[in-house]
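K.L.:
The primary structure of each chain is shown beneath.
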Amino acid sequence: MSEENYPTFKREQSIFWWTRNRRYIAYFFRELTGLFIFIYTLFFVYQLYQLHFNEVIYSAYISKMTAPTFVILNVVFLLFSVYHSLTWFQLTAKVLPLKIRNKPIDTKIIGLTSLALWGIFSYIVFIIMAGDINWLMKLI
Amino acid sequence: MADEVDLVETILWGLFTAGGFLAALIIPMLIFITGIGVPTGFLSQDILSYSNILERFGHPLIKLPLIFVLSLSIHHGLHRFRALLLELKLKKHIFLVSSIIYSIEALSIVSVIYVIIFL
Numbered sequence: 000m001s002e003e004n005y006p007t008f009k010r011e012q013s014i015f016w017w018t019r020n021r022r023y024i025a026y027f028f029r030e031l032t033g034l035f036i037f038i039y040t041l042f043f044v045y046q047l048y049q050l051h052f053n054e055v056i057y058s059a060y061i062s063k064m065t066a067p068t069f070v071i072l073n074v075v076f077l078l079f080s081v082y083h084s085l086t087w088f089q090l091t092a093k094v095l096p097l098k099i100r101n102k103p104i105d106t107k108i109i110g111l112t113s114l115a116l117w118g119i120f121s122y123i124v125f126i127i128m129a130g131d132i133n134w135l136m137k138l139i
Numbered sequence: 000m001a002d003e004v005d006l007v008e009t010i011l012w013g014l015f016t017a018g019g020f021l022a023a024l025i026i027p028m029l030i031f032i033t034g035i036g037v038p039t040g041f042l043s044q045d046i047l048s049y050s051n052i053l054e055r056f057g058h059p060l061i062k063l064p065l066i067f068v069l070s071l072s073i074h075h076g077l078h079r080f081r082a083l084l085l086e087l088k089l090k091k092h093i094f095l096v097s098s099i100i101y102s103i104e105a106l107s108i109v110s111v112i113y114v115i116i117f118l
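So the sequences go chain by chain: P and B.
Numbering-wise, numbering that gives the first Met the number 0 puts 81 at position 82 of the first sequence, and it's gapless, one number per residue.
Numbering-wise, numbering that gives the first Met the number 0 puts 41 at position 42 of the second sequence, and it's gapless, one number per residue.
Treat the hints as calculated values from the structure; they're not laboratory data.
Treat each hint with caution, since some may be false.
[Claimed, not checked] Covered by chain B, according to a simulated footprint, are these stretches of chain P (three or more residues, beta-carbon under 8 Å):
no.: 1; segment: 50-63
no.: 2; segment: 114-126
[Claimed, not checked] Here are the simulated BS3-like cross-link-like pairs (lysine-lysine), alpha carbons at most 25 Å apart as the crow flies:
no.: 3; chain 1: P; residue 1: K107; chain 2: P; residue 2: K93
no.: 4; chain 1: P; residue 1: K63; chain 2: B; residue 2: K91
no.: 5; chain 1: P; residue 1: K9; chain 2: B; residue 2: K62
no.: 6; chain 1: B; residue 1: K91; chain 2: P; residue 2: K137
no.: 7; chain 1: P; residue 1: K137; chain 2: B; residue 2: K88
Every residue gets a Cβ at the ideal spot worked out from N, C-alpha and C, and that includes glycine.
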C-alpha cells in the first residue's frame with residue numbers, strides 16, 4: 000500500500016519543546032553556555048583591541064567596564080561558564096571511560112581530577128595576569 | 000557510502016572538544032579577573048592597567064597560547080550554539096544556519112588573530 004492512502008500525521012515540534020521538563024531545561028542551558036562563552040570572548044578581544052590605541056582610550060574603556068550593568072553581565076557570563084566547566088567535566092567522565100590495567104577508573108576520580116586541573120589552570124591564569132612572571136618573559 | 004565518516008565534520012567536532020576543555024579550564028578565571036574582580040575593586044586595578052596588560056599579553060610566549068585558547072573557545076561556543084539552533088527547530092535550514100554561524104566564527108577568529116598579533 001502506498002503512503003498516500005495512509006497520510007502520516009506529523010506532529011509539529013514547538014520551538015519551546017525544551018521547557019517540557021527539568022532535564023530538557025538543563026540540557027538547553029548547558030548547550031547555551033557556548034553562546035555566552037563566545038560573547039565573553041568577543042568582549043575580551045574588544046578590550047585587548049583598545050590597547051591598539053593609547054593609554055587614555057584603554058583606561059577610559061576599563062573604567063566604563065566598572066559600571067554595574069557590565070559587572071552584572073560578567074556575573075552572568077561567569078555563571079554560564081562555570082556551568083559549562085562543571086557539566087563538561089561530568090560529561091568527559093562519562094564519554095571517556097578511562098581504564099587502568101583493564102579496570103575502569105571510577106567516574107568520581109575522573110571528576111575530582113578534572114576539578115583539580117581546573118584549579119591549577121585557574122591559578123596559572125591568575126599568575127599570568129597578576130603574578131611575577133619575569134622569569135618566563137626573559138626566556139625569549 | 001552511508002557509513003563513510005565526513006572528515007570536515009570530524010575535524011569540527013574534534014576542535015569543538017579541544018575548545019570545550021580549554022574554555023572549561025581557563026575562561027571562568029579570565030571572566031572573574033577582567034569582569035568582576037578588578038571592576039569591583041576586589042583585585043588590584045593594576046592588573047588591568049595599560050602597561051601591565053600590554054607587557055604580559057604582548058609577549059610572544061603568552062600571545063600565541065592566548066590566540067589558541069580564544070580561537071578554540073570561539074569555535075566551541077559557536078559550534079555548540081549551531082547544534083542547539085538545529086536541535087530547536089532549524090534543521091530544515093541547516094545550510095543557512097551553518098553559513099551564518101561559520102561566517103561569524105571566521106570573522107571572530109580573524110579579529111582575535113589581528114588584535115593579539117599586533118599588540
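K.L.:
For every hint, state whether the structure bears it out.
P.N.:
Status of the hints after comparison with the structure:
no.	hint	in the structure
1	50-63	holds (count 6)
2	114-126	holds (count 6)
3	K107(P) / K93(P)	holds (10 Å)
4	K63(P) / K91(B)	violated (42 Å)
5	K9(P) / K62(B)	violated (53 Å)
6	K91(B) / K137(P)	violated (54 Å)
7	K137(P) / K88(B)	violated (53 Å)
Comparing the model with each earlier hint shows violations of hints 4, 5, 6 and 7; every other hint is respected.
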